[in-house]
Amino acid sequence: MSRIRVLLNCIVALAAFVATCAAIRRAVPMEVEEVTPKLAFFSARKDQFDTVFIGSSRVYHGVSPKIFDETTRAANRATHSFNLAVNGMMPPESVMMAWRVVQMRPKNLRRIFFEISDPRTVSMTKATKRDTYWHDLNALIFAARKFRHDFKSDRGAAFAELSTHMQLFARNRANLGRSTEIQEQWNGTATTKNSPKMLGPDMDGFLPEPHPMAEKDRVRLVNALDKMRTGDVPKREVNDVNHDALTRLGDGLARRGIAIVFFITPTTTRDYNAKIDAPVGAPVLAFDDPQEFPDFYRTDHRFDYDHLNPRGAEEFSRLLAQRAVEVLK
Amino acid sequence: MLFVEFRFFIFFAFVFSITWSLRSNTARKLFLLVCSHLFYACFFVGEPVEFFSHITAHQWKKLPDGWWFPFVLIGSTCMDYIVGLGLENARDERKRRAWLLVSLAINLGVLCYFKYFNFFLASASAFLGWIGLHGSLHTLRIILPYGVSFYTFQSMSYTIEVYRRHRQAERSFLDLAFFIAFFPQLVAGPIVRAMTFLPQTKSTRVWSRDVDVRGALVQFMTGFVKKACIAESVAPFVDQYFKTPENFTALSAWIGVLFYAVQIYCDFSGYTDMAIATARLLGYELTVNFNFPYFARNVTDFWRRWHISLSTWLRDYLYISLGGNRGSLLFTYRNLLLTMLLGGLWHGAAWVFVIWGGLHGLALVVHREWLRRFGAIHRKPKVVADEHVRDVEIANPALGLKGILASALTFYFVCVCWIFFRAGDLHMAKRICKQFILFRHTGPQSLDTRLLWLFAALAFVHWLNYRRIFTKLWRRAPDFVFAAGYGAAVAAILLFIPQKYTPFIYFQF
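Chains A and B, in that order, give the protein sequences.
For the first sequence, the numbering used here assigns the number 1 to the initial residue and increments by one for each residue that follows.
For the second sequence, the numbering used here assigns the number 1 to the initial residue and increments by one for each residue that follows.
To be clear, the hints were calculated from the coordinates, so they are not data collected in a lab.
No experiment lies behind these values; they were computed from the predicted model shown.
All residues carry an ideal CB built from backbone N, CA and C; glycine is no exception.
A couple of the hints might just be wrong.
Claimed, not checked - Derived pair list, reagent style DSSO-like, types lysine-lysine, alpha-carbon separation capped at 30 angstroms: (1) A:Lys38 to A:Lys129; (2) B:Lys472 to B:Lys243; (3) A:Lys66 to A:Lys227; (4) B:Lys243 to A:Lys129; (5) A:Lys38 to A:Lys197; (6) B:Lys500 to A:Lys129.
What the hints assert, rightly or not - Which chain B residues stay away from chain A? Per the calculated CB distances, all over 10 angstroms, these: (7) Val102; (8) Phe114; (9) Arg171; (10) Ser172; (11) Leu364; (12) Lys402; (13) Arg440; (14) Thr449; (15) Gln499.
Unchecked claim - Just a sample of chain A residues kept apart from chain B, beta carbon distances all over 10 angstroms, derived: (16) Arg5; (17) Ala15; (18) Phe17; (19) Thr20; (20) Arg73; (21) Ala74; (22) Trp99; (23) Asn138; (24) Glu161; (25) Leu176; (26) Glu184; (27) Pro208; (28) His211; (29) Gly231; (30) Ala259; (31) Thr269.
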């Protein structure tokens, strides 16, 4: 067999491999707990909503669309919003979520409230099904940019991180080990289908967490607040990769006539100063200053050191809506 | 580094491309030898960067356990090279015998130390306790090096062949070292004979002449499916049952045992298929190791089809050395039993393995006696050690009703024996046997009975393969159809691979 024929056969095999993987992915899209049911619920009612919130658990348990809509209605800027936030969702996953929403072509969608937080680091990425799920081409591009950025400071870590992202991308594209999930989807026994509770009591994607704060969380909150008050928090430099991804997202949405509003929840953790990652000129609503928003940092407004309880969420949603009305005028 | 892991594919792509780009045969063998030792070292050194940082800092205590095992392999190779030359240069029989004894003593000494030292010590202690002499015999913390049973047998086959004058001693150290360490067969066989492999090292392998690409690719894929998709998928059910058999019903006992038979076959023959295919892609042919053993019509036939490289090794170097069938009937039966008992012990240092071997030995004796009394009408042709895979791609004959009954009975017996192989101890084996054979001592829990349908489906596919239905298809397909089918099949197979692999069962032996 000539070398050209060998090469041609290899190309044919590779093409068949890629085509089959794509066909499988298209026929049986990957489903993951928490993310898929929310997206599916939203997709079925996509034209009802004009506003969505995307972010992590701080948004999931902290922003009530019902109160947000009531507040905007009272200000004659009526909205119909949905909370698409999911536990642990940060860039680039949250960026992917925003693109997924846009790809659904919701007719009435006018604005996306997007939580700014640090990008997900490789140490948080444990090769779970969820991690595999969001490793699409955009995530790989994000990882490649991050590699180029981190390479100057720590080559070893940069390579390790890129390798993890590439493996997850390969796992995603090649449908590695998805047989059980596909079988569950076909049988209708997939856990992703059976979790309406996570959509919250008002079925608007907001899940209040009413349980009281534990003592260890109280101590942690007090310590965090002390650090913030004394200014003992390392000032961060702008994260170029995150900044770039958010800018692209903002530009892309603007081209489709959708306004993006970046916001920062009353956090005590790593996202302090995250607003510096926001694209230049984009509206940023920051609530992470305990001096300016002391109520959100009270223990009776939180169920743990970083998350608001229903009472805190109610106040935060109301304030967010008021600020949004001002910004979007 | 397992054959099913992503890093193996990276390693093999590197080895494959460099090997075929080298023009000189010596350079290729040297390169493959270095790669084989690196492959072997990967099992012991842990993180390479960390390992070398400990070496450079002389922090010997921080090195992982067994980091020096690759040196045992190198030592064994050097010893066999010297013994081979010694055997050839010795003028009288006594000296030749002495050289052979040196080889056997060292090879078996290494094997006994790593594998059987604690077993013999514990057994001796138990025996002394039983006769009332209580002593304190302390066992040592010994880790078994991967593949020691396989490469020891392989190197012993070389010295015995030279001793028996079946071949000349190997003059090239490189060739001998390459034969012993060649990475596809190093860790879990097949146990390749010197007379099968060494002649292949003498000439430069030619891609177009020596490599059946299509055959090798299909064989690798088959092995991958067996291990990654089947063995790994059934393992949880098997583990669930064998962990607490007393909790399960008799039907679950059947499911557990049947699926263990599936698991061990797919795991081991899958590994062998991948090993043979890997070697074939590098231009070398290894020995056939499996030929549809569960379609065997009797236990003698089973041993001609199961782990062929070991059974023929035991036949040629142990059974024949013990006298074979060159004596009375009782003498022959004694040899058969001894061979199988030692074969059982080869698998592991535990009494359950000895019993497993003993049961097979007894069955061989019974079958031989049956043939003697009622005639040997259906004697099957022997599968010899150096037959290549291509030769067994010929369609197997249909079984017929009598054949199906005989195969079912043989399979049932083999499954009973597997109980001893899998059960951790004799007590548990006894309990499972009562469930499996007598339907007694059962519990309330049940494994999913739909698994029996899966078993039937696997058996059907296996039968189609036995009849070479698939072989006919992929052999006849045009190149581009084969390439497209292969690519699509790989994509489908990847759906079934597990998140994490368990090591091959035979690695522990």
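Unsatisfied constraints (hint numbers, rising): 2, 3, 15, 16, 17, 18, 19, 25
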